[in-house]
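**Student:** In the order they appear, the protein sequences are chains A and B. Heads up: the first sequence runs through residues 1 to 857, numbered per our numbering. Heads up: the second sequence runs through residues 1001 to 1107, numbered per our numbering.
Read the hints as simulated data drawn from the structure, not as lab findings. Among the hints, erroneous ones may be present.
Straight-line distance between alpha carbons at most 27 Å, and here's what the computed DSSO-like set of lysine-lysine pairs gives [as the list claims (entries may be wrong)]:
(1) Lys-1082(B) to Lys-1059(B)
(2) Lys-32(A) to Lys-1031(B)
(3) Lys-415(A) to Lys-32(A)
(4) Lys-32(A) to Lys-1059(B)
(5) Lys-1031(B) to Lys-1106(B)
Next come the chains, spelled out residue by residue.
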Amino acid sequence: MREVLERLRVWLHWGREQAELREELAAHHAMKQAELGAAGAERAMGNDLVAAEEARAVWLWPWLETLGMDLRLAARGLRRSPGFALAAVLTLALGIGANTAVFSVVEAVMLHPLPYSEPARMVAFALEGSSGGGIQSLDLLQYNFLREHLRGVTAIAAYQGMGQDQNHIVAGGNSLWASGMLATDGIFPALGWKPRVGRGFVPADTAPGAPPVIVITDRLWHQAFGADSDVLGRAVEIDGRLNTVVGVLPPGFVFQEQPVDFFAAMRRSQNPLQDDGLNDSIIARLAPDVSLAGLQGQMPAITQGMRRAQLLASWYSGVGVGGYHALQTADVATGLWLLLAAVGVLLLIACANVAGLIVARALARVPELAVRRALGASSWRLFTQFLAEGLVLAAGGAVAGLILAEAVLRTLAAKLPWDIPLASPVALNGRVLVFTLAVAAGTSLVFALASAWTSSPRRLRLTRFHRRGWARDAVVVGELALTMLLLGAAGLLVQSLVRIQQQPLGFDPAGRTLFLTQLPVGSIATPAQVWQFDDAVLRRLEALPGVRASLTSMLPLAGQGNLPGEAVGVPGSGTSIEFRGVSSGYFAVMGMPLRAGRDFDAHDTAATPRVGVISEGAAQRWFGGHALGRQVRMGAIGAQVWAPELAAEPFTIVGVVGDVKVQDLRRPVRFTLYTPAAQAPAGYAWWVVRGPIDEGQIRQAVAAVNAGARVSEVGPYRALIAETVAQPAFEARLTSLFALLALALAAVGLYGLLAWRVVERTRETGIRMALGARPATVLRQIAGHGLLLALAGMIAGLAATWPLAHLVASLLYHVAPTDVASMGGAVGLMAVVAAAACALPAWRATRVDPVAALRQE
Amino acid sequence: MELLPGTLDLLILRALRRGPAHGYGIAQQLKQASEAVLEVGESSLYPALQRLRLRGWVKAAWGPSENNRRARYYTLTPAGRKQLEREQAEFEQMVGAIRKVLLCEKF
């Protein structure tokens, strides 16, 4: 240990140390001279250099010095061939930069640790077996059941978002919109966070009729309360109701899934499923000695218990539990890993190209290497030299790559379709840099090995004629095979995207503008007043020339809203039904075909009996097409009631309308019941407007009716639709980009190889032509060789695509992993590019002048 | 004659036992004490001195020399003194053992 410290100390003053050593030796000289006289000193001298070098060597780790020397030599060598250096560094920058960028996203979404304590011990529950797929939420009754019967968890909590920036807060003179989260009392122990002041929730807070309490985040504390230290016990008006602040969270707290400004205690009302009870997420924290498998083992019994207690709807196969982070990222995982694999392949191809450049350049150094070997350089010593060269190249590529990645991430940051968790923004953080370093180290090793291969004693002894190995051919074939793989994958994804976009929507989004309104709950109290607002805005909008407007509780593709329900008089028809409140004229504005019966009109008010329009699919399934006059009951199935107010009066069907997609173009349509908005108005509504209108006019119309109403999400319908396909579209486009880049690199590799071979064979070609060979024959030889390589690559790539395509099957929509059209397109593209790559060198070969070639030796 | 490997450090430490000396002085001392048998050249001496410095057995400081120039003087540290005792004892032990073998009449 003391030695290391001494070394460090001396290294810090290295320059001074060297100077002192020189002075010391000079003094030694002088004293020797004084003693022996000038001549004697000369003879007795001699090993000054050795002395200095040996003395210096004591302080250095020898390998460090040789490494420094090698690095300097490598840098000098690269400066002498700037063309090679530039080509190599740029190619590497592309490969390394792309990998860094994609890895940053993967890291942020999937690998970055969650901002909770021991996130690996957090689990989440989901309902399995519904047709929708994805995480299905549970309800409060199921939560209560789990809480009572589940063993091995230290905390369990149900929570539900109240919408982003959709809660109107009035506190101490400040009025603002904030994002709230309803949660039961286990939420903070489950997340592993404790409030900094005050307390979290206790079971009493969630009892029916308990006084409403909230826990606020540090940010809200600053925004709404000015960081007042006296905030505990203060009353806050949220959406018209008074809540008491009982706790403030620490400044570092972040809720991963969405921005949250405050948590409100989820109170069980008389009917647990009113308002907040449905669509809850449930998480829990494993007890220290319990594993996820142990918890999963309890699920069959839990499922059975729930069924017996009539808590589980019949269309679900059971309740499941999984790792919290794993469940959250389940949807995006495959796509992201595919992208990472694609850039990995791109990097391999880039490396192969650079290795090829290195090997070509190495041939010019054969004399130098042969001399070094003759002078006694060991293979290891030469290898460290090559390693240094590889490191310099890789370092250059890595730095340029990092700059490229940073630039790309910055520009695309807003357009990334994945839900980037809040606590881990996409950035070049520590882990990403370590990854880049590892990649750079790996590539430098590859290059060192490539160089070493060219300098092995056996190879150095070969003359030019015999240096015709198949190794470079194999590398190019490998590049082409990998490119084929990528092109095939890209083709499949693009085909899948096209199929998705071709899905019939069921309505016409062209020229439709949409927006969302929210009423501040304080100002408007009764449903009648809400309808007054809605009606007034409708009239104002329709007063504009050429404009037809309508509203709905939820737009197609904006979200879902379903409830259990059944067709009256049709046994076994109980299922989950999408439920919408729409204004009259909605179907016309949306371009949805009315198949039978009528639309709603002014006669359907809150005072008249409940009417509804159902979707085609439901009409067919339940009533065999004769739906008019039949009835549908919402909120109940048989004796089981979820929403008593809704279930009290069934809806009489007055019309049948076409099916529309609900939330995702890839998911099938669902049974939908539409009811007049006048009979069930809600404080927030989606509006659709057909005709020429702009944002200013919309805001004006709404403000004229109620200045406090909030207008948001204004935009063309097309934009909303594009958002729903944003993820597959981005993945398809990105994979295509990587595939095309790979194709370009592979083509360059093929071209380079052929061009090199042409040069190598100049003499041979010259002889042949002198002996009477026609240019066409020469062209056929070169081009034939190149096309043969391309063919081998294509076949190898296709063979690999077959088994691997099944890995990405989950990303494909209505496209088989072995879709011929996609593959055909990829093969065609590659054939064309390969042919072009072969053309130029082949043509050059025919221009060889036999006389000049023969003279060249 | 060439020094037995590893003994140079020991001899240098011994030479510094009474007090500090510079490199040339140490070489002179060893030459005189050994009656001109041991002649240590710079290429062995200075690396050895650096090694002793690295291990913390000697300290180095600049000071005025005989002919009014600067010279680097080496001083034994307490750790160095202990090391001297240790190495001397080991050396004596080794020499004694070798001598016994050489004087053995059994073979």
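**Student:** Could you run down the list of hints and mark each one as holding or not?
**Tutor:** A quick look at each hint next to the structure:
About 14 Å separates the Cα atoms of Lys-1082(B) and Lys-1059(B), which keeps this hinted pair within 27 Å; it holds. About 13 Å separates the Cα atoms of Lys-32(A) and Lys-1031(B), which keeps this hinted pair within 27 Å; it holds. At roughly 78 Å between alpha-carbon atoms, Lys-415(A) and Lys-32(A) are farther apart than 27 Å, so this suggested pair is violated. Straight-line distance between C-alpha atoms of Lys-32(A) and Lys-1059(B) comes to about 23 Å, which keeps the hinted pair within the 27 Å bound.
Between Lys-1031(B) and Lys-1106(B), the direct Cα distance comes to roughly 37 Å. Violation of the 27 Å bound is thereby established for this hinted pair.
Checked against the numbered hints listed earlier, the structure breaks hints 3, 5; every other hint is satisfied.
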